[in-house]
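> The listed protein sequences derive, respectively, from chains A and B.
Those letters in the first sequence? Residues 11 to 393, per our numbering, in order.
Those letters in the second sequence? Residues 95 to 512, per our numbering, in order.
I should point out that these hints are in silico values taken from the structure, not numbers from a laboratory.
These figures come from a predicted structure and were not determined experimentally.
Any given hint could turn out to be false.
Pair by pair, the computed Cβ-Cβ distance ranges are [what the hints assert, rightly or not]:
(1) B:Pro491 with A:Gly186: 58 to 66 angstroms
(2) B:Asp265 with A:Ala254: 21 to 29 angstroms
(3) A:Arg262 with B:Gly449: 52 to 60 angstroms
(4) B:Asp265 with A:His187: 38 to 46 angstroms
(5) A:Ala254 with B:Glu107: 26 to 34 angstroms
Straight-line Cα separation of at most 30 angstroms, DSS-like style, residue types lysine-lysine; simulated pairs [what the hints assert, rightly or not]:
(6) B:Lys402 with A:Lys75
(7) B:Lys402 with A:Lys46
(8) A:Lys370 with A:Lys248
No residue lacks a Cβ here, since even glycine has one placed at the ideal position from N, Cα and C.
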Amino acid sequence: MNTLAEIEQAIESLLLQPPYGVDPQQRHSALLALFKQELAYACERNPRFRNYVEQWPVDFCEADKISDLPYLPVGVFKANPPLALVGADDVKRTLSSSATTGQVPSRVVLDAATARRMAKGVITIIRDFIGPARRPYLVIDTPENLAAQAELGARGAAIQALGSFATEVVSCLRSGHNGDSSVDLEKLLACAAKWKDADVLVYGFTYVIWTNLVQPLQRQGITLDVPNVRVLHSGGWKRLQQQAVTRDVFTRGVASIFGCSPDRVIDYYGMVENVGVIYPDCDHGNKHVPAFADVIVRDPLTLAPVNAGQRGLIQVCSVLPTSFPGFLLLTEDMATVIDYDGCPCGRRGISFRFAGRAPKAEVRGCGNLENSRYQQPQGVGVA
Amino acid sequence: MTELIQPIASPQEIAGAARQLREIARQDQIAPQTVLEVFDRWAAALGDRELHDVPGVTFLRLWLRRGNLEPVLLRELGPSPVNGAWREDGRARLRAFPLGVVGHWPAGNVEIQPVLSLTCALLGGNSCLVRVPSRLVQITRQVMEKLQEVDRSGSLTERIFLTSFDHSRMDLQEAMAQSVDGAMIWGGAEAVSQVRGLPFPHWARVVVFGPRLSAAAMDAETWGNKTDRPSWCRRIARDVWQFDQQACSSPQTLFLERGAGCDPAEFVEDLKQAFQEENRQHPRQQIEPALTSAISLARASWLLGDDKNRALFPASPDWTILLGTGMDIPNPTQGRTLSVLVVDDLVEVVSKFDGTLQTLGLGIKDARKEELLALTAGRNGVDRIVKLGRMHVFGSPWDGTELIRPMVRLVRHVPSED
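Using the sequences and the hints, build the whole thing.
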């Protein structure tokens, strides 16, 4: 039997370690053992998940590498009801991804313990990048996304995850009648005046910051003069790429609005299915993995881990969730492995750079049907 | 055909090329016999060692032979047009004439499809304006170089204009459509819908091949026979591997009719061995990351969907066998992912098919049952019913349509003097 209590104890001890200071070999051993326990626990809780694990080409009990353990593609979390390891009564919150129009969002269920660990995980990571102090928290979003809700979108989850760093929280966008949002300039300028010399935390989705803050303020020639901000942003670059806004243009644009240096603008990669783990850029532009998680970049041709310098599909691994089987997830995103250790920033373990969503298959053959009765949505409801 | 595949920058260039092609088709009529002679020489030239590894060329050599194409011509056009002559039809006479310029929009997944498509139109005496998908430019050039070598008089090559441009260039797509008298369109739903919507002249004849999907079926006497089973599994593997399962004739699902004492788990073990061997002989050289994701999702969705479902697959995305029950064809994943579904009655399964199904590959011991399956399949929209292992063998008719006749006008002449 794999008792949940044992697993939770092991997770807690990993959360207490310095997030980026553990020797990669040591970390691998600890994670491998815990992932095996979690897989066994999930198999006991969910017969369909057990079916998947049993058909996996490698017996996970015998595996000596995390990369050999059975992983799920993130697409399975588009199922309704969401794939779960707890009963409906234990679900405290459901997180959903920010699917674009026409797409089915991913949904993951959190029980109280997983939600608590999610918060701890994010705090541990962010603390390593901005320090532990509490400070004013400016949210580049509407007040609706600040409210605690049972069903929470990716934006709301990201905003709330940083709440522990806040002495006060102000959201500086307001919703219009037609669903659009715009900057509440009066409120924003008041905050800027009040927080002028203070350390300030700012968070927003990348495209929201650009379209609802930077562009309007640039058009009006307004700067905020809050040089001690830390601007965190996430949510991906797809929409900005469509507007030909590069990472550099974005960073410089944000820095000029706040009157801070560009290194105070930090992009991070994350997804709701990988609860409690985010991947901020270090000063060298690389992403790192905390002690309670791992990242494997797999060659799309073989699904084997790539060598340093190579690109592949990202697999995210996290020991934090116990309410859904989100330990080992193959994403549809691409990354390049910079190195497996030795980033000049001092953070141990793999360093990688995000390389966008895997492009849609280009070859559309004569066997490619759309809108037929054979094209049913994929995904399965596993209660 | 000086530069084999011409870069095109403007609609005017396409219109100019089409004008020239139409003049040639009208003024220099070419008899099918002449076309067959050049094709025969072309088939021989394609046997050169440097083309051995070009996908599809082995089949193309067989296709181009007179012994293969003459019966097709005879069946579709009758004996007289083959000789380029009028044939009597009561008091009237009939003779086949080309439409003029036939535009070809081949799919990007079948390496020799641009060439196969244009051969059909050439046999009808037409000129050809071909948009070669970017992925196939190199292969098409290699194959067409051999035609250039053997067609010393240029009688065929002067009738061919090959070009390649991005599919999103709607101005060029529209110019091409406006310039043709007939069109042969091949491909998936997205591509076909786009090309069908182009402004063709009202007289243009448009023939669409695809998008379709295909399935396979075996009775218990066949799949349960342990002696013959490895051979059948090799045939299935061959059909799955070709075109990376992206062709309209690729089997996506195999239905096994339940039989006493026959264990589907044993069958899929044999199938696994056949897939492993086929993969050893024909490993993938590359894959789109999105397809790898789709394969991973298909495996997981299948096994999470029902804890009685089974699956066999390696750690890589090389191949996948999904075993379960049910009469509905699951969402096709392609990429060598075969669903194997155990059913009580194949006829009941086939009676649920519709026009989406192009080919039904069969392994059936009982001839009477096969007869009934063929009849049921035909009634329910299936256009090809073939033995397993031969699902991709291209021939006329295809998708229920003749290949040469649609691009030919049959002209009726009633003499004015009795």
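> Against each hint, give a clear statement of whether it holds in the structure.
Hint check results:
1. B:Pro491 with A:Gly186: 58 to 66 angstroms: holds (59 angstroms)
2. B:Asp265 with A:Ala254: 21 to 29 angstroms: Check passed, 23 angstroms falls within 21 to 29 angstroms.
3. A:Arg262 with B:Gly449: 52 to 60 angstroms: holds (56 angstroms)
4. B:Asp265 with A:His187: 38 to 46 angstroms: The hinted range 38 to 46 angstroms holds for B:Asp265 and A:His187, with Cβ atoms some 40 angstroms apart.
5. A:Ala254 with B:Glu107: 26 to 34 angstroms: About 30 angstroms separates the Cβ atoms of A:Ala254 and B:Glu107, which means 26 to 34 angstroms holds.
6. B:Lys402 with A:Lys75: holds (29 angstroms)
7. B:Lys402 with A:Lys46: holds (24 angstroms)
8. A:Lys370 with A:Lys248: holds (13 angstroms)
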